[in-house]
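Note that the protein sequences, when read in sequence, are chains A and B.
In terms of the working numbering, the first sequence has 243 at position 243, counting the first letter as 1, and numbering is strictly consecutive.
In terms of the working numbering, the second sequence has 294 at position 294, counting the first letter as 1, and numbering is strictly consecutive.
Accuracy of the hints is not assured; some may be wrong.
[Unchecked claim] Here are a few chain B residues that face chain A, going by a calculated C-beta distance under 8 Å: (1) 120; (2) 139; (3) 143; (4) 201; (5) 218; (6) 363.
[Said to hold, decoys possible] SDA-like mimics (lysine to any residue), calculated; alpha carbons at most 20 Å apart, straight line: (7) 44/B with 34/B; (8) 333/A with 211/B; (9) 293/A with 349/B; (10) 293/A with 12/B; (11) 183/A with 293/A; (12) 211/B with 183/A; (13) 211/B with 344/A; (14) 44/B with 12/B; (15) 396/B with 151/B.
To be clear, the hints were calculated from the coordinates, so they are not data collected in a lab.
Using N, Cα and C, we set each Cβ at its ideal position, and we do this for glycine too.
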Amino acid sequence: MTDLFTLDFSRISQADFARVGGKCASLGEMTQAGVAVPPGFAVTTDAYQAMLAHHDMRAEIERHLAGVDPFDIDQVDRAAQAIRIRIRSHKLPPAVETAIRTAYAQMGADMPVAVRSSATAEDLPDASFAGQQDTYLWVRGADQVVEKVRDCWASLYTTRAVAYREKNRIPHIDVLMSVGVQKMVNARAAGVVMSIDPVNGDQTKIVIDASWGLGEMVVSGVVTPDNFTVEKVLMEITNRKISDKHVELVGDAVRGEAVEREVPEDRRRIQCLSDAEVVAVAALAKRLERQNKCPQDVEWAIDADLPEGENLLALQSRPETIWSQKKAETPKKTYATGIMGIVGTLNSALTVKR
Amino acid sequence: MDAKTPMFPSAFDVKAPKGAEGWESLYPYYTRFQPSRRAEDDAKFWFCNSQHWPNPLRPFDVIFLDFAIKCLGQYNSRHLLVPPANGIDYRILNGFVYFSPVAVAPENIEARIPQFLDRAGHYFGNWNDLYANWKKKVLAMIAELDAISFTDLPDVVPVEWVKGGVGLDNTNALFEAYDKAIELSYKIWQYHFEFLNLGYAAYLDFFGFVKSQFPTIPDQAIAKMVQGVDSELFRPDDEIKKLARLAVELGVDGALMSGTVDEALAAVGKAPNGQKWLTAWKQAQDPWFNFTSGNGFYSTDKYWIDHLDIPLGYLRDYIPRAKAGEQIERPTERLLTERDRITSEYRDMMDEEAQAVFDGKLGLARTVFPYVEDHNFYIEHWALGVFWRKMRELSKLLQGADFWAEEDGMFFLHRNEVRDVLWDYAASWAIGTPNVGSAVWPEEVSRRRALVKALASQPPLPALNEPPEVITEPFTIMLWGITSDAIDRWTGKGDDGAGLKGMAAAPGAVEGIARVLRSPDQLGELQKGEILVTPVTAPSWAPVFGKIAAAVTDIGGMMSHAAIVCREYGLPAVTGTGTATAKIKTGMRLRVDGNTGTVTILE
């Protein structure tokens with residue numbers, strides 16, 4: 001099997017980043033750095049391009065979008081919808097389909113997986129747009145996987161994405177899409193960790209949001225998660241807020257999807273991670289910050305099927321953008337040194353206001 | 001009219017505990033709140049220093065309150081001219097000690113700065129040389145103190161003196177010995193503060209700088225960057241551990257495990273390698289068993305060297321652990337690595353300019369810190385231990401002359417009253433009559449003993465009068481953890497019933513069973529894995545820290561002994577809770593969170 005259309009996370013090299021998209025590149029990097037990541041593979045942008053070429057989709061897409069007024073949302077919507085239908089209705093080129101089926105089969109028979117779009121660097125820079133691209137959880141069976149890959153491709157042509165590119169004069173055809181297929185985590189609890197305090201940019205703190213089940217409930221804000229602050233150097237929990245976590249997203253193997261359900265009363269208000277797990281999540285964020293040399297925003301999950309101590313998995317890591325950029329703006333301070341510093345301290349530093 | 005009532009009562013409205021009426025007669029006039037100065041004293045805020053004086057003072061014990069506070073003050077006010085701070089005023093109320101820091105008037109601060117720069121600058125610039133010289137001075141003084149002896153007056157003056165034309169008698173030596181002991185201890189207290197205030201100032205400067213860089217950094221993290229691993233304060237405990245290992249190695253451990261000290265040592269002596277162990281045991285004692293289970297400020301302090309059952313008890317804890325293959329030694333290598341890791345991780349988060357400043361301040365803090373830690377061994381443990389031993393000899397000698405019925409009787413007299421007793425002893429000896437004191441002091445000592453006992457029945461008020469808007473005195477904050485938060489804790493603000501707030505002094509969180517200990521004599525009750533709850537700890541309790549799961553104290557700040565030792569042992573500690581020993585009972589289940597400074601009573 002060649003690495004042209006699919007590429008195992010463990011084989012993604014720096015040279016491949018452009019053809020696997022940001023999300024898969026980060027998964028590849030983490031896998032190779034020895035971070036525990038659910039196994040999987042990327043469907044490369046070559047596969048996407050092969051699909052476009054195979055059906056001569058480029059011309060078709062251009063035809064649909066020709067003359068569309070980007071400020072007329074109805075027009076954009078009609079064109080985008082037509083393109084999505086076209087992408088979904090075509091069979092994949094046989095070589096691409098075979099590559100996906102083979103890679104999927106290697107993960108194990110009927111392995112439940114998550115299928116996520118992984119946008120390339122040329123794509124929408126607005127981080128919040130990433131969420132517009134699709135994620136399918138608890139997908140099972142090769143047919144389903146192939147279909148969801150196609151759905152991810154189609155998600156490049158949502159109305160909003162199309163309008164954005166039209167307005168910013170980004171050629172649609174230049175924007176490529178990779179798709180990640182990753183072993184589904186049977187998440188007992190999951191969430192997000194930032195290796196910086198997102199409220200005030202305090203770089204000595206690691207802040208964790210965690211809730212029961214899959215992390216999507218935390219990311220989307222459906223539940224109020226448990227919130228932990230961990231001191232980054234001492235790696236001690238310095239603050240915790242335990243919330244009422246009323247719903248969770250869990251895998252339904254029979255229906256082949258993730259379903260939302262009520263959290264039973266006895267689990268709602270209890271801490272969803274042990275203290276050791278909180279510290280492990282913080283350590284993961286700290287490690288990824290070091291590897292990437294900037295504060296990170298990491299999605300993670302605790303896998304119910306793995307033994308304690310090995311059950312923490314990283315699902316995604318990306319640079320924190322807000323405070324990392326602000327940092328340069330902090331005003332320059334002057335410091336008193338030597339004995340003048342001591343005089344200054346004695347005279348003022350420890351004034352404690354009542 | 002200002003209708004605001006002060007947060008704490010006036011000293012003049014505080015009643016004596018039942019049975020302690022008339023306690024004022026125990027202490028000199030200058031230590032008491034005098035009604036004729038009520039306006040001045042009521043205008044000041046006083047906090048109880050129960051960290052250093054957790055129990056009511058016996059009259060003799062006023063000596064080190066006098067010396068310590070006078071000497072602390074002289075360095076701030078007269079030697080170094082610390083710009084904003086003079087000394088700390090002190091009073092005794094119901095047997096307990098109250099402090100009130102004396103600030104320099106704002107308009108006078110500026111003028112003190114040049115002198116401070118010159119004087120303190122000299123110390124900072126020549127720290128290591130001056131400190132080496134300090135050790136020499138102190139060791140010489142300890143040797144002098146050690147050479148003092150008190151002997152009964154003989155029936156007759158030695159005939160050689162008579163024939164040699166000496167023309168004097170044995171009373172001179174007695175007076176001189178006493179005066180010299182007092183004078184040496186006074187000098188030792190001056191040395192105690194020669195470097196201490198500066199050491200704290202440099203530490204506070206580093207502390208303040210790191211806080212300005214990382215406002216939320218835990219205080220304990222800053223302490224960890226500075227704290228050493230080879231403080232002399234750890235040596236006594238280390239020696240016991242070495243002796244435990246040696247006992248196992250030489251096969252004399254069994255002999256040590258039972259019987260009284262004499263029985264155990266005799267059993268070791270009979271064992272094949274016993275003499276070798278006994279030599280090591282003897283060697284470790286000088287100076288390392290000059291180690292008190294208290295803090296050196298009380299005549300009741302028990303020093304290991306005088307109570308070998310204490311170190312033997314610790315030895316008996318360590319031996320089975322050493323045999324079980326446990327690592328009983330402090331992991332100094334790991335502690336140093338950890339200190340370096342913590343330091344460099346925070347440093348990495350600073351910009352380049354701040355890093356350079358950080359390096360400078362950290363360097364100075366680390367230079368001064370060994371003194372901050374080690375002086376305690378040289379002064380409180382070693383020198384004062386020798387002093388108390390000499391004073392006990394004298395008390396026993398005077399007991400033999402019927403001044404009091406018990407061997408500790410002298411400690412119920414003020415040091416100047418003892419001088420009168422010596423005169424009485426000398427004069428009656430010379431005149432050839434019974435001394436007057438034997439008809440006066442036995443009854444008076446009993447009366448005073450009963451008063452001190454009655455004073456101990458009532459815990460002290462944490463503070464008097466109205467706290468200031470701001471607390472600025474750096475030593476007050478550093479040493480006693482007196483911050484606005486602490487004052488709120490004393491008044492019960494922010495107290496939610498099931499929990500106690502204190503200082504987050506050493507990281508970690510655990511649950512366990514409480515063991516409330518009010519005195520070092522109870523240390524034997526402590527079971528492995530329990531949470532130690534106590535008014536205050538002392539360095540010599542180090543061996544028990546290997547047994548406990550966490551420590552909670554009523555008194556103490558970031559740099560209190562419990563905090564330092566817990567950080568060293570990796571145990572959670574919450575210090576300065578104010579009321580832990582009152583609210584917690586032995587056997588209660590607790591959660592101690594040393595990261596947030598909270599203690600929760602679970603059941």
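Verification of the supplied hints:
| no. | hint | in the structure |
| --- | --- | --- |
| 1 | 120 | holds (6 Å) |
| 2 | 139 | violated (29 Å) |
| 3 | 143 | violated (35 Å) |
| 4 | 201 | holds (5 Å) |
| 5 | 218 | holds (6 Å) |
| 6 | 363 | violated (11 Å) |
| 7 | 44/B with 34/B | holds (14 Å) |
| 8 | 333/A with 211/B | holds (14 Å) |
| 9 | 293/A with 349/B | holds (12 Å) |
| 10 | 293/A with 12/B | violated (63 Å) |
| 11 | 183/A with 293/A | violated (28 Å) |
| 12 | 211/B with 183/A | violated (45 Å) |
| 13 | 211/B with 344/A | holds (14 Å) |
| 14 | 44/B with 12/B | holds (13 Å) |
| 15 | 396/B with 151/B | holds (10 Å) |
Checked against the numbered hints given earlier, this structure breaks hints 2, 3, 6, 10, 11, 12; the rest are met.
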